[in-house]
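Visitor: Sequence:
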Amino acid sequence: MSANLSPIDKAKFVAAKRACDFVQDGMKLGLGTGSTAAWLVRCLGEMVRDQNLRIKGVPTSSRTAELARQVGIEVISLDEAKWLDLTIDGADEYDHDLNMIKGGGGALLMEKIVATASDQMIVITDGSKRVETLGNFPLPVEVIPFGWQTSKALIEEVLVGMDVLGTTTSLRMNGDAAYVTDEGNHILDLHLNRIGNARQLSLVLNQIPGVVENGLFIDICDIVVTGYGDGRVEVQDINKGERDETRYDFLDDDNLFADLGD
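Taken in order, the sequence shown gives residues 1 to 262; the numbers are from the working numbering.
In short, the hints are calculated from the structure, not lab data.
Mixed in with the good hints there might be a few duds.
Stated by the list, open to error - Distance ranges between label pairs, derived from CB positions:
hint, residue 1, residue 2, range
1, A117, N239, 31 to 39 Å
2, I76, T150, 33 to 41 Å
3, D182, Q51, 24 to 32 Å
4, T133, L203, 15 to 23 Å
From the three backbone atoms N, C-alpha and C, an ideal C-beta is built for every residue, glycine too.
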């Protein structure tokens with residue numbers, strides 16, 4: 001592993017590397033979006049190239065699809081796959097029950113669809129993403145462009161009655177224009193600071209007209225693989241109630257991932 005990688009990139013790399021142990025030949029995989037998921041795609045590409053791994057990937061964004069093709073992974077649609085063996089993705093926050101906030105990369109809708117169309121979901125992350133209570137990371141909510149300000153007002157009204165510490169919402173921007181998802185929608189970021197009842201909030205938000213989906217992933221993740229900058233990797237299996245830890249050494253300065261930034 002290249003010695004000039006930052007500790008956070010090392011953490012992401014080892015988490016992705018460990019998650020590859022769950023991938024078997026012939027699988028149909030959901031491929032997540034974001035900087036940590038990009039490490040996974042590169043690792044899988046190396047296995048395709050060097051180990052003749054045969055997999056088909058369903059990407060959760062156009063960015064992931066482009067990277068997967070670049071590294072030699074066969075890309076198919078979810079409609080072609082129909083059902084997936086495994087989805088591996090990142091997270092913005094996760095708690096001890098493996099409930100998560102996702103959507104920082106703007107792909108929450110496709111990520112949730114793909115994850116729920118899988119036999120199993122594995123989340124790869126670094127230790128900074130583990131929290132006691134969700135909510136410090138802004139909660140993304142995808143809304144259709146038509147009437148988005150009305151949807152925003154309705155969300156803010158609903159938040160007053162929820163178990164949260166903040167009620168501020170903001171439209172996600174891309175420069176001077178509103179951010180647009182791959183599906184042509186906008187994202188509202190909810191600055192809640194603390195979410196006391198994530199399950200209730202998720203259900204309530206999805207009842208609001210104009211809301212397409214929210215970034216709370218409840219009872220979807222089965223395994224979290226957490227990497228650390230010193231090469232340690234912890235695997236938590238929520239269904240088996242098990243944890244294990246391994247460690248990777250960084251000895252190879254010439255590797256596939258030297259050009260991959262955050």
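Visitor: Starting from the hint list further up, note which numbers the structure goes against and sort them upward.
Guide: 1
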